[in-house]
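Q: Put chains B, C and D on the given structure of chain A with help from the hints.
Residue numbers (our numbering), protein chains in the order written: chain A, 60 to 405; chain B, 60 to 405; chain C, 60 to 405; chain D, 60 to 405.
Wrong hints could be hidden among the right ones.
One copy or any two copies: either way a pair holds, since identical chains are not told apart in the list.
[Claimed, not checked] The list that follows gives simulated cross-link-like pairs (lysine to any residue, SDA-like), each with its CA atoms no further than 20 Å apart:
id, residue 1, residue 2
1, Lys311, Gln230
2, Lys172, Met399
3, Lys264, Gly338
4, Lys361, Gln276
5, Lys361, His268
The set of hints was computed from the structure by calculation and includes no laboratory data.
Number of protein chains: 4
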Amino acid sequence: MLRIGIIGASGYSGSELMRILSNHTGDIKITCATSRTYAGQPVGRVLPNLRGLVDIKFEDPEVDQIAPRVDLVFLGLPHKTAMTFVPKFLDHNKKVIDFSADYRLKKADVYEKWYQEHTSPHLLEKAVYGLPEIHRDEIRNADLIANPGCFPTGAILAILPALKYDIADAQGIVIDSKTGMSGAGIAPSEATHLPSRYDNFTAYKVGSHRHTPEIEQELSLASCKDVSVAFVPHYVPMSRGILTTVYLRLSKAVSTIELLGIYTQHYKDEPFVRVLDEGEIPQTQAVRGSNFCDIGLKVLEKTKTAIVISAIDNLTKGASSQAIQNMNIVSGFPETAGLMYAGLMP
Amino acid sequence: MLRIGIIGASGYSGSELMRILSNHTGDIKITCATSRTYAGQPVGRVLPNLRGLVDIKFEDPEVDQIAPRVDLVFLGLPHKTAMTFVPKFLDHNKKVIDFSADYRLKKADVYEKWYQEHTSPHLLEKAVYGLPEIHRDEIRNADLIANPGCFPTGAILAILPALKYDIADAQGIVIDSKTGMSGAGIAPSEATHLPSRYDNFTAYKVGSHRHTPEIEQELSLASCKDVSVAFVPHYVPMSRGILTTVYLRLSKAVSTIELLGIYTQHYKDEPFVRVLDEGEIPQTQAVRGSNFCDIGLKVLEKTKTAIVISAIDNLTKGASSQAIQNMNIVSGFPETAGLMYAGLMP
Amino acid sequence: MLRIGIIGASGYSGSELMRILSNHTGDIKITCATSRTYAGQPVGRVLPNLRGLVDIKFEDPEVDQIAPRVDLVFLGLPHKTAMTFVPKFLDHNKKVIDFSADYRLKKADVYEKWYQEHTSPHLLEKAVYGLPEIHRDEIRNADLIANPGCFPTGAILAILPALKYDIADAQGIVIDSKTGMSGAGIAPSEATHLPSRYDNFTAYKVGSHRHTPEIEQELSLASCKDVSVAFVPHYVPMSRGILTTVYLRLSKAVSTIELLGIYTQHYKDEPFVRVLDEGEIPQTQAVRGSNFCDIGLKVLEKTKTAIVISAIDNLTKGASSQAIQNMNIVSGFPETAGLMYAGLMP
Amino acid sequence: MLRIGIIGASGYSGSELMRILSNHTGDIKITCATSRTYAGQPVGRVLPNLRGLVDIKFEDPEVDQIAPRVDLVFLGLPHKTAMTFVPKFLDHNKKVIDFSADYRLKKADVYEKWYQEHTSPHLLEKAVYGLPEIHRDEIRNADLIANPGCFPTGAILAILPALKYDIADAQGIVIDSKTGMSGAGIAPSEATHLPSRYDNFTAYKVGSHRHTPEIEQELSLASCKDVSVAFVPHYVPMSRGILTTVYLRLSKAVSTIELLGIYTQHYKDEPFVRVLDEGEIPQTQAVRGSNFCDIGLKVLEKTKTAIVISAIDNLTKGASSQAIQNMNIVSGFPETAGLMYAGLMP
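Isolated chain A (complex conformation):
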């Protein structure tokens, strides 16, 4: 039996982990869920959707108390806080799947430029970037898996085949992303205040979002090119979902059908990437709550542009169900265990 601990379990990452794991088909058990705010309270009282389904109480995040009771931990903590927990769980020889950005970037200086000082840079090399569609083999043997950011998941899956097959310029790729507000986390803020968002649409962190280096790193590594992107995220007045519209400058002539063929071929063995047919356009609702990434595309011959669109749920394929996909891989479960369910639509 795999004993699972969830550190920082009352936020969206944690609550989604519990929701999804409550229907996992493997021999697993959540033995620990921490929350400083709700320590001592039943999970189902704090998260009413889990009432009757998850029968444990939140506890304080005490590593030494928790380590003996778990084989693998998910860390749903903010950046920087994660750094204080990851080394401790690794010292206890526990597998760690970390939702924060702390171990996603390979280079400490890049991390420090976009975030803050890194206190365990020696782990950066050791950490595996947990996007199974690129790093499945390394994930299998990893001790520390850095679960990808939500925007990078959608953007990388949309762009990679075009770069790998040398079809598009690697410089100045335009990534226009639109996210539901759950991407901002469970803590209320001006950004998530309903009257500020409702019947409103805007961009934010224009060209300066922290997911930029993560996207550039992974695309560069996987394509062996020096990739640069112009990345603009936007707030959609909705709860879940990221739609990413990518504009690629074509470096060779290719038709929509040909490019679809390349994408279909590239992802043919991936259980959670669905390349749509010609004329179909991804929509976030079709993947809501699920682990799928839907991709559609179109070539505009006049302007030598390929438009590739991907849709994910930021809380599932963009976070928690992708983490469970990683758990399945690293723990020897079938990769799809507990994850082959449909998006909630409508």
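A: Leaving out everything else, chains B, C and D in the frame of chain A:
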């Protein structure tokens, strides 16, 4: 193996059945899904959330063609159309779970007053009203199950214990319901036009909604009282969920805690009714996409009023997952098979 | 020229005052807008909709600095804070229109039961409840106008005629209200966190909302009856608007047409109350951003219930434009000056 | 007095015209509003926000009946239908402001490629494209004004200065637009069905939207360059507003401050274009219901990209209030008459 047919499968009832059944744990198989509009097209092309999960094509609804391939059919057809199919499938000795209102009312004259002429009134007695919390035993042996309306499900479950235990007046019960727009079905209309609904709230069919006689019938039968209700539904600018706020005139003095005790006791063996603790208030998000009905209540002593609030998802407990609960009962599966998953929250 | 000061101008009440006053046709000028948070910043930088339309800067709320420059002040401050400002402005002989609840209740003990200690109870008698449809004549000569709460505005206007004409029981009136989230104010909170509200519907403060005594007071005073209400507010996943559904027990037989006649007659000279025709149902969008209150009704003879529905915009007729209506009355402008514009629909 | 006719007045363009004109300060009168569907019904019964504000009835669109009673007509009709009315009103020597696309394109062959056969191509030269920020002088003397499309309004205003000042490549400009659903008009459709859109985000008409040639034409004419664009519109689950994110390839080095300076200078005399300060990002709510276009921008030096973002309300600056701006210009009213009001925010 239970072979399942879904007649009228491209609407919300049908698509939700397929979504939920794709994770059912019993030995079942969807062998047929009909849609006049989409006959010949793959389900996953029409309903993109099911892409890769449901591998059949829509076909035309030809009873004679379908009957040999199914043991049980769900009918997701409009009122009146259902009447033309139900007798045929019964003649083929198939179990029928019907989503329409055609067999919910016991008396043909009541049906004909609120709907239209009834062409198979002899089946009204035979049909079982498919609310397991009231009619579980009859469902077990039923051939024809009339799956309840969405509003009646939430209203009846909220009101029944208070009537059974003689705590409230049976006359003039106020039922103020609020529904997400998926309750209007998949066909676009002025009522569901997004700009007409967005940042807008209104009532409709004030005191004249067709679910009124259904609520009054079931409450009267189950409580052995002559129940009358003032029922007003409202459109909420959202997709899923019904919150029902019931105002009961207390016929005897009772405290909030006492009334909660009565409800908790009444529903203690029900897997899908969750009576919340004192001070907790149901919310539709906690049950979104799930088969749960959450109930909370409060007594106002000054005005001798009990306020009982229930939350369901109109497409699941209010329609498709409740139908599967009925299928489980009538087919000998564990009642909770494939249904014990959490609401999608946030 | 009327010189206007807005104390607490960066919240919704204040920003709406500036939006509406920027199109007022009278000889007025906003000479002061205060905000501790944004003191020194141009209004149009903080409130981008007002950019280019309101050309002043926020300043600190220093009464002695402000008094010489204003003839009338609007106070858009929280309960309790208002009490510290109102007496000072009155001492400077300024007209005060106060948005808080601090001077709405006539009896200090009722106020103290529902809110907190009152530090200027002697002003409670002096204050006029600023609902022009009831207190127009007193408003004309008032120094201190207590601008009504949003829920009371919609509820009182919906109920009063039925009580005045002795058509309904005064005890146990059911008031089921639904409000957009801007009613919670500009400060982010768990209640207004978009992912918590989106595709979600719930009740709150069931039977315990602070607007209850305000509704009971004004209805009792105006009808000369002892009125009690069961009042339940609900959060609607939208920004603006309150729909109130009132359930009245009829004390005499009356038809829908007769009751409509009574309401139409009662409000025939009111410029901002629109009694709809038979069969029409109010909707919040029709009054969005406007000063109108729309009322529709229906009698259910079977259950001897009258259902009266009112729609207002909580930020305008429920707050800022009603305050300007009061300003017009107290300052000698035509009552409709600057207020006869249509709701924003769709 | 200017006598105004509105042909096709029950749709969004028409209802917004009536809403805005009801507060126009000039000597105007709406003498005629047509609607085949609602002929004979009072405007305020069909459009409840206008109840009490617009006191005429809808009538049938009979040109000969209408012409004697109007000086200027707005045509809020679908493409193709407009072509059957415009020549007739011109023959009656009436000024025409047409909302359709029928007279926006200068070349009949381009029109016929994207739309259908043109039945009055001789009028294409005569028609003036009604974007005052480009064509103010020609509008002044025009008989036929082709009111711009909603997307082109936001896109052209965002792009033009960069092209005029030779700062960006004219080929392959990326225009990623996001629109509220009122852009789809008042007729319900699958696209506007609330459950299909809610908590959903998607693109549509990828690279094939009919506004593409309109954008390319006007940018080419105004910049004397051969402009081509990759234009992708997206549906936002909201009612009003268009945010357009433009990605320009810089043809010369320029900083954010320098580019802002160019835009500020270019629009310094425009009453309805607000160039925001450095770091400010446009949002649709700030212009909701208003005639403003807000523009913000940022230069990404690493990728030599300028990101320019504009926000308009598709129904006002993108349609009806822009049409009134045109009416003001062509009729000799101050250009801002009746249009200087703030966006509805929140």
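Q: Of all the hints given earlier, name the ones this structure violates by number, lowest first.
A: Failing hint: just 2.
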